[in-house]
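Novice: The primary structure of each chain is shown beneath.
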Amino acid sequence: MPYRLLRFALNKKYAEPPMFTEPSKLKKSYDVVIIGGGGHGLAAAYYLARDHGITNVAVIEKNYIGSGGTGRNTAIVRSNYLTAEGVNFYDKSVKLFQDLSTEFNLNLFYSERGHFTLAHTDSALRTMRWRAEVNKHMGVESVLVDRAFIKEIIPEIDLDCRHNMPVMGALYHPPGAIARHDAVAWGYGRGANMRGVEIHQNTTVTGIEVKNNKVVGVKTNKGLIQTNRILSAVAGYTPSITKMVGLRTPIVIHPLQACVTEPMKPWLNAIVVSASFHLYISQSSRGELVMGASLDPYELHSTRSTLDFAEGLSGHTLELFPFLSECKILRQWAGLSDMTPDFSPIMGKTCVEGFYIDAGWGTWGFKATPASGKTMAFTVANDQNHEIIQPFNLSRFEQYELVGEKGAASVGH
Amino acid sequence: MPDPNNTSNETWADYVFNRAGEPGIKREWWYHLASGTWFIAEHDTVKDVFIKTYLLQNITEDE
Numbered sequence: 001m002p003y004r005l006l007r008f009a010l011n012k013k014y015a016e017p018p019m020f021t022e023p024s025k026l027k028k029s030y031d032v033v034i035i036g037g038g039g040h041g042l043a044a045a046y047y048l049a050r051d052h053g054i055t056n057v058a059v060i061e062k063n064y065i066g067s068g069g070t071g072r073n074t075a076i077v078r079s080n081y082l083t084a085e086g087v088n089f090y091d092k093s094v095k096l097f098q099d100l101s102t103e104f105n106l107n108l109f110y111s112e113r114g115h116f117t118l119a120h121t122d123s124a125l126r127t128m129r130w131r132a133e134v135n136k137h138m139g140v141e142s143v144l145v146d147r148a149f150i151k152e153i154i155p156e157i158d159l160d161c162r163h164n165m166p167v168m169g170a171l172y173h174p175p176g177a178i179a180r181h182d183a184v185a186w187g188y189g190r191g192a193n194m195r196g197v198e199i200h201q202n203t204t205v206t207g208i209e210v211k212n213n214k215v216v217g218v219k220t221n222k223g224l225i226q227t228n229r230i231l232s233a234v235a236g237y238t239p240s241i242t243k244m245v246g247l248r249t250p251i252v253i254h255p256l257q258a259c260v261t262e263p264m265k266p267w268l269n270a271i272v273v274s275a276s277f278h279l280y281i282s283q284s285s286r287g288e289l290v291m292g293a294s295l296d297p298y299e300l301h302s303t304r305s306t307l308d309f310a311e312g313l314s315g316h317t318l319e320l321f322p323f324l325s326e327c328k329i330l331r332q333w334a335g336l337s338d339m340t341p342d343f344s345p346i347m348g349k350t351c352v353e354g355f356y357i358d359a360g361w362g363t364w365g366f367k368a369t370p371a372s373g374k375t376m377a378f379t380v381a382n383d384q385n386h387e388i389i390q391p392f393n394l395s396r397f398e399q400y401e402l403v404g405e406k407g408a409a410s411v412g413h
Numbered sequence: 001m002p003d004p005n006n007t008s009n010e011t012w013a014d015y016v017f018n019r020a021g022e023p024g025i026k027r028e029w030w031y032h033l034a035s036g037t038w039f040i041a042e043h044d045t046v047k048d049v050f051i052k053t054y055l056l057q058n059i060t061e062d063e
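For the protein sequence lines, the chains are A and B, in the order given. Read in order, the letters of the first sequence correspond to residues 1 to 413 in the working numbering. Read in order, the letters of the second sequence correspond to residues 1 to 63 in the working numbering.
Each hint can be trusted.
In silico lysine-lysine, DSBU-like type, Cα no more than 35 angstroms apart, as pairs:
id : chain 1 : residue 1 : chain 2 : residue 2
1  : A       : K328      : B       : K47
2  : B       : K47       : A       : K62
3  : A       : K406      : B       : K26
Think of the hints as simulated: they come from the structure by calculation, not from any bench.
Sequences and hints are given; from them, build the entire structure.
Specialist: What follows is the structure, encoded as structure tokens:
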């Protein structure tokens, strides 16, 4: 036994406090119950406490905070969307992200790298031009660039893709960034907790009590909570929660897989997306390439990952970066994507009084974390949809007012 | 399926857009590439297991 080490063990000059304190029991009632302790739920709790003085709040998380999509995404933050409503919303989020490390006093490793969406066809180039114009009109920095520009920023890229669908140009979005995704949950969680919000992990919601179309309580595996306001922010688990209040939604759950390679010397500064090859790739501050592709094309409520994903992704990556052929994939995983018909989220009030929803985040949720938290906190505090999320209300489907973002949100099929 | 000529916009939108999204056994359309056959599979969407598969002609009762 190395007794020499003991004196260091007992002497803590730089003691590390826990990120947040967890109460042992649920109270009988709360002003607001947030179901889901991911980035969105914790961000909403944070802004409820900080901006609206509402602190009698419980965040109920069935696993550990950030164990869902927040901990599984490929950490890309951008606002180069297609619709005015989408750009407006995601731009607000990007602007909040830029100061978030300072606000949290926690390093999020937020790194602006510049984001390329490669166009391999005429029609894709047209869409990139359309997005650039909409972005510019909304005050977001995006521009159409040519092959020479791409090659200068990313010398290692094979623009001809071995003569199979060569790159014609790209949408270049300088504010595009990556961040340490788990830390976003910790930062919001700690900030909320500091202001009086209770975080309850390992607590599962088993039912929601509704009387006369009004929310009155939440049933959990640790007891019943009385409340008049519930925010559901559970992404891939949304259908089970909406069923508890009798709400029908268009959400379908598909797995989305991702992987990282072994670390290597920094060579890729930019974030690269190819819609034609269903691929997005960036290099983390640890030197690993973080990669993702399109959804698994079937409904599944499981976070298993597959060989065919790794094979497909590798094949496409090597079309753009053939020199990576001997690089090893270190780890692969999956998350649950709550997909909507228009690839836009579902946010705001519902026809059940006191039940607010933040869902339909599919493959586009991480970048929206700060704006979603802020606007949902406003919506819950005022019982009124925040202006910029009004277009994303659940009622838009029965009014046929979809906000079509498929091309810009995802490398979907 | 509601009659599109005799239904409200809301009912039609519910039919077009809304889904039973919860985990469970779903009846899904699948396509066999090699033979070009469309068929129906009963799929456990939690365990990722196929319980039954059959051709459309073999369904005696439909919605």
